[in-house]
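Student: Construct the complete structure from the given sequences, taking the supplied hints into account.
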Amino acid sequence: MTKTFRIAIVGGGVGGLTLAVALRQLGIEANVYEQAPELAEIGAAVALSANSTRELRRLGLLDALTAVSTEPSELIHRNWRDGRRIAAHPVHENTSYQRVCGAPYYGIHRADLQRILSVALGGAGLHLDHRLTEIRDLGGATGLTFANGRTIEADLVVGADGVRSLIRRFITGRDDTVYSGTSAFRGIVPVAKLPTLPDPKAIQFWMGPDAHLLHYAIGGDAEYVNFFAVVEYPEVWPHADKWLDTIEPGEAAAAFKGWHPAVIEMVSQHLPVRWALFGTRPLLHWYRGGVVILGDAAHAMLPHHGQGANTTIEDAITLAELLSGRAPDGLAPLLAKYQSLRRSRTRKIQRSSWNTNAMLHLPDGPQLAERDRQVARFPENFGWIHQFDALQTQFHPASAQA
Amino acid sequence: MQQTEIETTFVELLKNIMGIQLPQIDRDLHFDKLGLDSLSKIDLAVAVEDRIGIDISDEDLERFVTVGDFLDYVQRATA
Numbered sequence: 001m002t003k004t005f006r007i008a009i010v011g012g013g014v015g016g017l018t019l020a021v022a023l024r025q026l027g028i029e030a031n032v033y034e035q036a037p038e039l040a041e042i043g044a045a046v047a048l049s050a051n052s053t054r055e056l057r058r059l060g061l062l063d064a065l066t067a068v069s070t071e072p073s074e075l076i077h078r079n080w081r082d083g084r085r086i087a088a089h090p091v092h093e094n095t096s097y098q099r100v101c102g103a104p105y106y107g108i109h110r111a112d113l114q115r116i117l118s119v120a121l122g123g124a125g126l127h128l129d130h131r132l133t134e135i136r137d138l139g140g141a142t143g144l145t146f147a148n149g150r151t152i153e154a155d156l157v158v159g160a161d162g163v164r165s166l167i168r169r170f171i172t173g174r175d176d177t178v179y180s181g182t183s184a185f186r187g188i189v190p191v192a193k194l195p196t197l198p199d200p201k202a203i204q205f206w207m208g209p210d211a212h213l214l215h216y217a218i219g220g221d222a223e224y225v226n227f228f229a230v231v232e233y234p235e236v237w238p239h240a241d242k243w244l245d246t247i248e249p250g251e252a253a254a255a256f257k258g259w260h261p262a263v264i265e266m267v268s269q270h271l272p273v274r275w276a277l278f279g280t281r282p283l284l285h286w287y288r289g290g291v292v293i294l295g296d297a298a299h300a301m302l303p304h305h306g307q308g309a310n311t312t313i314e315d316a317i318t319l320a321e322l323l324s325g326r327a328p329d330g331l332a333p334l335l336a337k338y339q340s341l342r343r344s345r346t347r348k349i350q351r352s353s354w355n356t357n358a359m360l361h362l363p364d365g366p367q368l369a370e371r372d373r374q375v376a377r378f379p380e381n382f383g384w385i386h387q388f389d390a391l392q393t394q395f396h397p398a399s400a401q402a
Numbered sequence: 001m002q003q004t005e006i007e008t009t010f011v012e013l014l015k016n017i018m019g020i021q022l023p024q025i026d027r028d029l030h031f032d033k034l035g036l037d038s039l040s041k042i043d044l045a046v047a048v049e050d051r052i053g054i055d056i057s058d059e060d061l062e063r064f065v066t067v068g069d070f071l072d073y074v075q076r077a078t079a
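One line per chain: the protein sequences are A and B, in this order. Here our numbering is used: the first residue of the first sequence is 1, the next is one more, and so on. Here our numbering is used: the first residue of the second sequence is 1, the next is one more, and so on.
Some hints could be false.
Here are the simulated distance ranges between beta carbons [said to hold, decoys possible]:
hint: 1; chain 1: B; residue 1: Arg63; chain 2: A; residue 2: Val100; range: 30 to 38 Å
hint: 2; chain 1: A; residue 1: Val236; chain 2: B; residue 2: Ile54; range: 28 to 36 Å
hint: 3; chain 1: B; residue 1: Thr8; chain 2: A; residue 2: Arg136; range: 17 to 25 Å
hint: 4; chain 1: B; residue 1: Ile52; chain 2: A; residue 2: Phe378; range: 30 to 38 Å
hint: 5; chain 1: B; residue 1: Asp69; chain 2: A; residue 2: Asp137; range: 38 to 46 Å
hint: 6; chain 1: A; residue 1: Thr4; chain 2: B; residue 2: Ile52; range: 36 to 44 Å
hint: 7; chain 1: B; residue 1: Arg63; chain 2: A; residue 2: Arg373; range: 47 to 55 Å
hint: 8; chain 1: A; residue 1: Ser268; chain 2: B; residue 2: Leu29; range: 39 to 47 Å
hint: 9; chain 1: A; residue 1: Ile188; chain 2: B; residue 2: Asn16; range: 43 to 51 Å
hint: 10; chain 1: A; residue 1: Asn148; chain 2: B; residue 2: Val65; range: 16 to 24 Å
hint: 11; chain 1: B; residue 1: Thr8; chain 2: A; residue 2: Leu284; range: 16 to 24 Å
hint: 12; chain 1: A; residue 1: Ala358; chain 2: B; residue 2: Asp26; range: 26 to 34 Å
hint: 13; chain 1: B; residue 1: Met18; chain 2: A; residue 2: Arg85; range: 31 to 39 Å
Calculated from the model, a selection of chain B residues having no Cβ within reach of chain A, i.e. all distances over 10 Å [what the hints assert, rightly or not]:
hint: 14; residue: Gln2
hint: 15; residue: Val11
hint: 16; residue: Lys15
hint: 17; residue: Gly19
hint: 18; residue: Gln24
hint: 19; residue: Asp28
hint: 20; residue: Lys33
hint: 21; residue: Leu34
hint: 22; residue: Leu39
hint: 23; residue: Ile42
hint: 24; residue: Val46
hint: 25; residue: Ser57
hint: 26; residue: Phe64
Worth flagging that the hints you see were computed from the coordinates, not collected in a lab. Don't be surprised by glycine CBs; every beta carbon is placed ideally from N, CA and C.
Tutor: Right, here's the structure in full:
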């Protein structure tokens, strides 16, 4: 390249860091601007499915991930009250999951994932304490202003700045977030404090009327359980500017009265906050000029397929591959290609996650029979999410079929 | 957009996405008869959005039952 290609990534979460690492490996330098003064843990834990672990393996990070992750034994769906197994599918090593999907499934502490990515980046180009306050079209470049007073110019700005993305607002001109009418209690509990939990190494959905609880183990020795309990309220989220709300002690436990003792053990932990579950409506445009979005900024989704971080990693790998060897001139076709590769897939997972919410929260009654048949067909129904190979499918479709 | 232009685009995109070659447009044909489930309808909607530049919401998409429903929607959106 004759001219320096200035790439600014706004957001040092999983998406921003993955993109920076992938670009670095392609010989492209990028700067990452993160608002937090340090890379902090947000959202507790994350489940990495084969569609992202295969990409992290390509980046040479699998060994580091394996050391601090738990591979679930099975995916189990259970009844909310008596805990009976409705369906179970093996996930761990040497099972059909790995054979069919071609990569492992890991539960990992989000802080560990961020640390592995930032170590891979080697600290180069990572700028903490940079909260974006303004973005301006300078005609041929984009100007960014941060709360610390610094201003920069870039040829390409990538908004990896989450569900409430300022950069998305610049692109679409409106606020595209949608509150789902559901909220969650979440926590991380030492497995030793859950004596009645069957199959603590499994990833499990406990499904009940108007609520469900999902959990999976994390840590190198499965020593913790990360759980996520979802309820169908409040109908209207009372805060415009935040997605956390403090709750009274015992409020989470009260919401799961009558559930299986293992569920009660989890929601009876000290849970000080409720998390609003937001999504974004499907967007027509993911870029404007030399400004583009990825991850939650582009397609925030309900977490019921565990695909927020995974699709973000797919986005980052896709964008890095497209940027490989490109000059700053003529970005438009590249960004159009990125949008067309990613929009349909992420919209399908967004939609499917909405539908899954209803399926997980059915009241007791005759309609459960059909639901139970569907969860028994989990690999057939949702294999398309996990088997997806961003590089193969999107860039080498012919060899993928061979 | 002209109805014939919309139909031509629809036939072409359907062929690209589903590998289905429609010999002619049957407006009363149900999407599920074409093997289009809710997910492949999203593929079709996104392809139409990219080609024509209109926005098709998930809510609208789930209301389409027949090919005619879809074609009428696109025509209204481009009128």
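Student: Beyond 10 Å on every Cβ pair: is that true for Gly19 of chain B relative to chain A?
Tutor: 13 Å, holds
Student: Could you check the hint for me, namely that Thr8 of chain B and Leu284 of chain A are 16 to 24 Å apart, CB to CB?
Tutor: 22 Å, holds
Student: Given the range 30 to 38 Å, decide if the beta-carbon distance of Arg63 of chain B to Val100 of chain A lies inside it.
Tutor: 35 Å, holds
Student: Is the distance from the Cβ of Ser268 of chain A to the Cβ of Leu29 of chain B consistent with 39 to 47 Å?
Tutor: 55 Å, violated
Student: I want to verify a distance hint. Is the separation of the beta carbons of Thr8 of chain B and Arg136 of chain A within 17 to 25 Å?
Tutor: 42 Å, violated
Student: Could you say whether the range 36 to 44 Å given as a hint is met by the Cβ separation of Thr4 of chain A and Ile52 of chain B?
Tutor: Between Thr4 of chain A and Ile52 of chain B, where Cβ atoms are some 38 Å apart, the hint holds.
Student: Could you let me know if the closest chain A CB is still more than 10 Å away from the CB of Leu39 of chain B?
Tutor: For Leu39 of chain B, whose nearest Cβ neighbour in chain A is about 5 Å away, the distance does not exceed 10 Å, so it is violated.
Student: Taking the Cβ atom of Val236 of chain A and the Cβ atom of Ile54 of chain B, is their distance within the range 28 to 36 Å?
Tutor: Distance hint for Val236 of chain A, Ile54 of chain B holds at roughly 30 Å.
Student: Can the suggested window of 31 to 39 Å be confirmed for the beta-carbon pair Met18 of chain B and Arg85 of chain A?
Tutor: 37 Å, holds
Student: Quick one: work out the minimum CB distance from Leu34 of chain B to chain A and report holds if it exceeds 10 Å, violated otherwise.
Tutor: 17 Å, holds
Student: Mind verifying the non-interface call on Val11 of chain B? Its CB should be farther than 10 Å from each CB in chain A.
Tutor: Its Cβ never comes within 10 Å of chain A, the nearest being 19 Å, so this holds.
Student: Beyond 10 Å on every Cβ pair: is that true for Ser57 of chain B relative to chain A?
Tutor: 7 Å, violated
Comparing the model with each numbered hint stated earlier shows that hints 3, 7, 8, 10, 22, 23, 24, 25 do not hold.
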